[in-house]
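Q: Spelled out from the first residue to the last, the chains are:
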Amino acid sequence: MATGTLIRATAWIATAVAGASALGGIALHRGESINALWFVVAAVCTYLVGYRFYSSWIAARVCRLDATRATPAERLDNGRDFMPTHRSIVFGHHFAAIAGAGPLIGPTLAAQFGYLPGTLWLLVGAVLAGCAQDMLVLFCSTRRDGRSLANLARDELGRLGASAAMVGTLFIMIILMAVLALVVVKAMAHSPWSTATVFATIPIAIVIGVYLRFVRPGRVMEATAIGVVLLLAAVAAGGWVNSHPAIRAWFDLDAKALAWFVILYGFVAAILPVWLLLAPRDYLSTFIKLGVVFLLAIAICVLQPDVRMPALTQFIDGTGPIFSGSLFPFLFITIACGAISGFHALVASGTTPKLITRETDVRMVGYGSMALESFVAIMALIAACVLDPGVYFAINTAAGVVGSDPVTATATITSWGFPVDPAQMEALAASMGEASLYGRTGGAPSLAVGMAHIFGSAFGDGLFAIWYHFAIMFEAVFILTVLDAGTRVGRFIMQDALGSLWAPLGRTSWYPSVWIASILVCAGWGYFLYIGVIDPNGGINILWPLFGMANQMLAAIALAVVTAIFVKSGRLRHAWVPGAPLAWLVIVTSVAAWQKIFSDDPRIGFFAAARDLSDKLAAGVLTPERAAVAPKLIFNQQLDGWLTVVLIFIVWIIVIDMARGCWSHLSGRRPAANTESPYVATQLT
Amino acid sequence: MSPVAPRWHKFWTGMRTLLGDDAYERYLAHCRARHPDCTPLDRGAFYVAELDRRWRQVNRCC
Chain A
0 MATGTLIRAT AWIATAVAGA SALGGIALHR GESINALWFV VAAVCTYLVG
50 YRFYSSWIAA RVCRLDATRA TPAERLDNGR DFMPTHRSIV FGHHFAAIAG
100 AGPLIGPTLA AQFGYLPGTL WLLVGAVLAG CAQDMLVLFC STRRDGRSLA
150 NLARDELGRL GASAAMVGTL FIMIILMAVL ALVVVKAMAH SPWSTATVFA
200 TIPIAIVIGV YLRFVRPGRV MEATAIGVVL LLAAVAAGGW VNSHPAIRAW
250 FDLDAKALAW FVILYGFVAA ILPVWLLLAP RDYLSTFIKL GVVFLLAIAI
300 CVLQPDVRMP ALTQFIDGTG PIFSGSLFPF LFITIACGAI SGFHALVASG
350 TTPKLITRET DVRMVGYGSM ALESFVAIMA LIAACVLDPG VYFAINTAAG
400 VVGSDPVTAT ATITSWGFPV DPAQMEALAA SMGEASLYGR TGGAPSLAVG
450 MAHIFGSAFG DGLFAIWYHF AIMFEAVFIL TVLDAGTRVG RFIMQDALGS
500 LWAPLGRTSW YPSVWIASIL VCAGWGYFLY IGVIDPNGGI NILWPLFGMA
550 NQMLAAIALA VVTAIFVKSG RLRHAWVPGA PLAWLVIVTS VAAWQKIFSD
600 DPRIGFFAAA RDLSDKLAAG VLTPERAAVA PKLIFNQQLD GWLTVVLIFI
650 VWIIVIDMAR GCWSHLSGRR PAANTESPYV ATQLT
Chain B
0 MSPVAPRWHK FWTGMRTLLG DDAYERYLAH CRARHPDCTP LDRGAFYVAE
50 LDRRWRQVNR CC
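Just so you know, the sequences run in chain order A and B.
Using numbering that gives the first Met the number 0, the letters of the first sequence map in sequence onto residues 0 to 684.
Using numbering that gives the first Met the number 0, the letters of the second sequence map in sequence onto residues 0 to 61.
Next comes chain A alone, as it looks inside the complex (with noise of 0.2 Å):
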């Protein structure tokens, strides 16, 4: 053998090991607290292994990629956006297009289990599943010149699976921006620094955006560069806000006003120009983005956190405050894109493929890309999990659950077993710039917490204010892009359907057609926002198993699709490998989704909840302001569970249509049909 050879497979071996025994040490230790070091390390050696072996065998083996074979970007290259770009371009593209909120809330949320489920499913979910399915997507779309998820779900299942795949997007994606939208609401709500500071925002792109269209038409570095010092002096001038009681009461708002504020600005942005308000703003949050979570990587690295959270906590058996629902399934609702998400497939058919120079490349950008994003969801489960447990539920606990008075809150907390006192939180909401940190659900509020504390402690000490509002502006910035650009796609998807009903309604740029269809989707995300916080119960609880179960349709809809390709494309000896998943996600979807619907339990069962309230509500044991919300909760209750019967629905269409296809391919009743664009021999060299 050559020397080579047995240094790269001793290295290989030596990586494997490092991993295993890191995972092994996290998994077995039962102690006060772990260093998150050992975090870091099971995860990197995971996502290497991964990489190095499951990706390679499935481009060389499954997809049998084909380096000579010319890609949509070389064959349709226009310029714009057909275009060969080299893959680490990509890389950093589809990286950046897929990260969002999604990874840091899913595992913060799911810290309640205690640190051990969460970063166990991070990492074979990613491996297994989640970056598998990215790479297969992108290689099926990549292959049939850069089509669409709809698309393709049209060719490979037919126009049932078709509409199902397109009623599933709309769906996903009300669902996703009245969560996300929840969840800055949530942290905004009578927090003036946050308040002022995200405000901020809103100027300071529309004054990129003019820049970039008037002054210096596309020049994206040097407005970036100048929109990022804007927004970190935003964040020290919401500061100065804070200080001056006078100001400071302007930008105490309450959740309800600021989600009419949410709501309007979402709607006025979807119909404003792109290049005046949501382009500039997605250039400074994708800069940020990509900042942080290198900045985050360094500092956990040398500050070396302890994680305080166990293992393992006694909310696995369902009982948990911050979501009810056991261990299984909701671990896998909840931790949705860190893992597998099938929102991603949206980007690598579509986007993504359109830029893939060699086919080759399709490894590294779509398993690659998703492991960091699984990466980032880690760091995201460490932030949480370095806070004190008493506190990390204090934070993320609704006042509808532990009481809103600061001594009952934290004496039920102790209660459990996670010691927590008013003074600490306190001091610590003190620190943070804050009026309060009880029942600040959603969880951007504890996320930012961990995070000022690693920064702080790990860039110099103190400004932990400055840090957390750094943190909290980090979030909102992606989550009002996501607000503004989903409004956008989904007023387009709208139109497109309205237009089948009465054509003008489909014209994309005639005033009244954009208004109708804006409006339509705003007020489709903003029902369930508005029902969210006029929860008393956080309505984080509600819509956050919903959104998981939306993502993991999706993600079973792209699987599906790639399921089928490969049955009738000569693949069915790997069929197993999108196959897999694809059974793992309709269990988990089909079983949350019958709990969702059947329990008894009013914490778990929507329709039990709606049944336990109106019983409530009519033995008269209510209080004046929990009465009076009280019938449009019940509504919404039934809503939500009526929405899961369809949404489970859609899964089981999807998964019967690609069934039937495959087993008339099988038993050769329907002849083989190759949808791949012909092979054309690249010419790049």
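Do not take every clue at face value.
Stretches of chain B that chain A covers, calculated by requiring three or more beta carbons in the stretch to come under 8 Å of a beta carbon on chain A [as the list claims (entries may be wrong)]:
| # | stretch |
| --- | --- |
| 1 | 13-19 |
| 2 | 28-39 |
| 3 | 51-59 |
Far from chain B, by Cβ distances over 12 Å, these chain A residues were calculated [unchecked claim]:
| # | residue |
| --- | --- |
| 4 | 29 |
| 5 | 153 |
| 6 | 166 |
| 7 | 340 |
| 8 | 477 |
Read the hints as simulated data drawn from the structure, not as lab findings.
Owing to the predicted nature of the structure, the values given are computational and were not obtained by experimental measurement.
Think of the CB as a built atom: it goes at the ideal place given N, C-alpha and C, for glycine as much as any other residue.
Place chain B on chain A using the hints.
A: Here is chain B on its own, set in the frame of chain A:
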């Protein structure tokens, strides 16, 4: 030239492409190479048309 300079240049051009700073130059190069007879859009018009195209589809995730 020091050995750092070419690497820095590579990093800088990479960052420009990643953020879309050189999109117009790439478009111009494409137009001149492939369609020498047609008049390319000017910088401002290209920028607006590009953004409008890009934000018609899902390109940001959860």
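Q: Which numbered hints does this structure break?
A: Numbers 7, 8, in rising order.
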